[in-house]
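Asks: Each chain is listed here by its residues.
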Amino acid sequence: MNVYIREMKAHRKSLIIWCIGMIALIGSGMGKFAGLSSSGQSMNQLMAQMPKSLQAFLGVGSLDMSTASGFYGVLFLYVVLLATIHATMIGATIISKEERDKTVEFLFVKPMPRKKIIGIKLLAALTQVGILSTITWAASLLIVGRYSNGESINSDIGVTMIGMLILQVLFLVIGTAIAASTKKPGKAATLATGVLLVTFILSFAIDLSEKIEGLKYLTPFKYFEAKNVIDAGLELIFVGISVVLIGVLAVSTFVLYDKRDLNV
Amino acid sequence: MNIFLYELKAYRKSTFIWTGALIVLVILFMSMFPSISKEINEFKKLLEGFPEGVRKALGIQVDTIGSLNGYYSYIFLYITLCGAIQAMNLGISISSKEIREKTADFLLTKPVTRTKILSSKILAALTSLLFTNIVYVIAAITVANAVKVENFSLYVFLLISLTLLFTQLIMFAVGIIIAVVFPKVKSVISLSLGVVFAFFLIGMVAAAEEATRYLSPFKYFDYSYIMNHEGYEWSFLLLGMFLIVLSLIGSFVIYNKKDIHTV
Numbered sequence: 002m003n004v005y006i007r008e009m010k011a012h013r014k015s016l017i018i019w020c021i022g023m024i025a026l027i028g029s030g031m032g033k034f035a036g037l038s039s040s041g042q043s044m045n046q047l048m049a050q051m052p053k054s055l056q057a058f059l060g061v062g063s064l065d066m067s068t069a070s071g072f073y074g075v076l077f078l079y080v081v082l083l084a085t086i087h088a089t090m091i092g093a094t095i096i097s098k099e100e101r102d103k104t105v106e107f108l109f110v111k112p113m114p115r116k117k118i119i120g121i122k123l124l125a126a127l128t129q130v131g132i133l134s135t136i137t138w139a140a141s142l143l144i145v146g147r148y149s150n151g152e153s154i155n156s157d158i159g160v161t162m163i164g165m166l167i168l169q170v171l172f173l174v175i176g177t178a179i180a181a182s183t184k185k186p187g188k189a190a191t192l193a194t195g196v197l198l199v200t201f202i203l204s205f206a207i208d209l210s211e212k213i214e215g216l217k218y219l220t221p222f223k224y225f226e227a228k229n230v231i232d233a234g235l236e237l238i239f240v241g242i243s244v245v246l247i248g249v250l251a252v253s254t255f256v257l258y259d260k261r262d263l264n265v
Numbered sequence: 605m606n607i608f609l610y611e612l613k614a615y616r617k618s619t620f621i622w623t624g625a626l627i628v629l630v631i632l633f634m635s636m637f638p639s640i641s642k643e644i645n646e647f648k649k650l651l652e653g654f655p656e657g658v659r660k661a662l663g664i665q666v667d668t669i670g671s672l673n674g675y676y677s678y679i680f681l682y683i684t685l686c687g688a689i690q691a692m693n694l695g696i697s698i699s700s701k702e703i704r705e706k707t708a709d710f711l712l713t714k715p716v717t718r719t720k721i722l723s724s725k726i727l728a729a730l731t732s733l734l735f736t737n738i739v740y741v742i743a744a745i746t747v748a749n750a751v752k753v754e755n756f757s758l759y760v761f762l763l764i765s766l767t768l769l770f771t772q773l774i775m776f777a778v779g780i781i782i783a784v785v786f787p788k789v790k791s792v793i794s795l796s797l798g799v800v801f802a803f804f805l806i807g808m809v810a811a812a813e814e815a816t817r818y819l820s821p822f823k824y825f826d827y828s829y830i831m832n833h834e835g836y837e838w839s840f841l842l843l844g845m846f847l848i849v850l851s852l853i854g855s856f857v858i859y860n861k862k863d864i865h866t867v
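Heads up: the protein sequence lines correspond to chains A and B, in order. 2 is the number of the first residue of the first sequence in the numbering used here; add one for each residue after it. 605 is the number of the first residue of the second sequence in the numbering used here; add one for each residue after it.
Hints are computed from structural coordinates only; laboratory data are not their basis. Any given hint could turn out to be false.
To be verified - In silico SDA-like links for lysine to any residue, alpha-carbon gap of 25 Å or less:
(1) A:K228 <-> B:L681
(2) B:K701 <-> B:V716
(3) B:K701 <-> A:K217
(4) A:K188 <-> A:L246
(5) B:K617 <-> A:T191
(6) A:K212 <-> B:M636
(7) B:K790 <-> A:V105
(8) B:K752 <-> B:N832
(9) B:K861 <-> B:E705
(10) A:K217 <-> A:K184
(11) B:K788 <-> A:G22
Start from the sequences and build out the full structure, keeping to the hints where you can.
Replies: Laid out in structure tokens, this is it:
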């Protein structure tokens, strides 16, 4: 319990900053919608016939840009990017920071098994990720609700938020698994964000060209895209892949950290 | 000179990795250009059936993406994003790593002034940024020539590519001042990613108006302006230089007076 409280306190300041950043992003993004919503239907028709690559450049896809939830779908990519960066970093640092800050001998000589310490740390990280996504959810409902003109948005936003939460947890365990396996504690966060950037750019490349469509299983950013999720709900295959990945990475975090030679 | 060489060596590996990453990125995106330009040309024909107003609104964008320089300027956003992270990382880590790794009292007790130490470090970092840019530009031109469908203006291509260096220099300078202002930077990457993505998202969200463009270094160079006028916008270029000079001077002043904790 003490470890949990200590971890929550240690990350409190950064969590607050992340939450403010998230609200600012949603607020300023939806502010742009007010100016755009007047352009009307003929735009939508034209967008539908555009080649895929051009849609990717303009950032629209098959979303209806004239409704608030459609516009939110475009913004959603950046919301997810922000949330997953937070998750990756917190996953990587919460495991590696003891060694980085040379507090590892202090913590691990306490009468507590390593597995338990890692478990509590994971729990603390999950709580923080949960707080960020709850704030995002609330902010989205409030801000998008203001622009929606009575159109029902709650289920659209709800389903995208579930997708986002799965991605957050996935990137969190990617971070912890990397931190548990790497030899250099200082490099853990760098490596983990490297993975995140590579998958993000890959998802953009897939938008550009249909030929590499098959690679979409490799990048989590393609799993729950707003344009698919709002129309058809979460796809079972991607939920399955995510759950399996989360399970494997979480278990490997415990196993690898248990066997680890700690740098003192 | 010793400090310069030592720093250069310390950042050799990461410079190579970043340079490699940028080159892979430009190859990945440019290799898609031939098929995309074909798609867009077909779309242009379709566009002729639409009313005049719609054609005007979209036509310019469609025209630019169809050309090599236009396409390059669109994907260049992602390349500058990576470049900016590299520069910000360098900037933050060169001036904070002595304190973080507890080597500050070793270095600062040597008979060299702090100004000398910081300037050798900055020079070393600039060398590695320049190396990245030179190799990148050569690679980008080679790739562009390999995938081109029709001739393109090499001058404009170079102008666009050079904005990578300018953005990196701005980010680097901002990184240095951040690192000397904070008493201790625990994790370089989280701080640098935070700052870079903050600028990136500001650029994404608030780019439409002229006034808000000043807030994000990612928006100092407007690529459609560069393509139409074959030059940069002076107001933004001057602002960028001003920012760089100001933060460098500020960093030297603060670093000279800074309290540095020993182990």
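Asks: Against this structure, judge whether each hint is valid.
Replies: Cross-check of the supplied hints:
With a CA separation close to 23 Å, the supplied pair K228 of chain A and L681 of chain B stays within the 25 Å bound. Distance hint between K701 of chain B and V716 of chain B is fulfilled; the C-alpha atoms sit about 18 Å from each other, no more than 25 Å. Restraint check for K701 of chain B and K217 of chain A: the C-alpha separation of about 39 Å exceeds 25 Å, so the hint is violated. Proximity of K188 of chain A to L246 of chain A is assessed by CA-CA distance (about 22 Å); at most 25 Å being required, the pair is judged to hold.
Annotation: proposed proximity of K617 of chain B to T191 of chain A holds, straight-line Cα distance about 14 Å (limit 25 Å). Taking the CA atoms of K212 of chain A and M636 of chain B, the gap is about 10 Å. The hint holds against a cut of 25 Å. Under the criterion of a C-alpha separation no larger than 25 Å, the hint pairing K790 of chain B with V105 of chain A is consistent with the structure, at around 15 Å. For the hint linking K752 of chain B to N832 of chain B, the alpha-carbon distance of about 20 Å falls within 25 Å, and the restraint holds.
Only pairs whose Cα atoms come within 25 Å are accepted, and K861 of chain B paired with E705 of chain B is accepted, the gap being roughly 20 Å. Restraint check for K217 of chain A and K184 of chain A: not satisfied, since their Cα atoms lie roughly 30 Å apart, outside the 25 Å limit. The suggested pairing of K788 of chain B with G22 of chain A holds, with an alpha-carbon distance near 23 Å, which does not exceed 25 Å.
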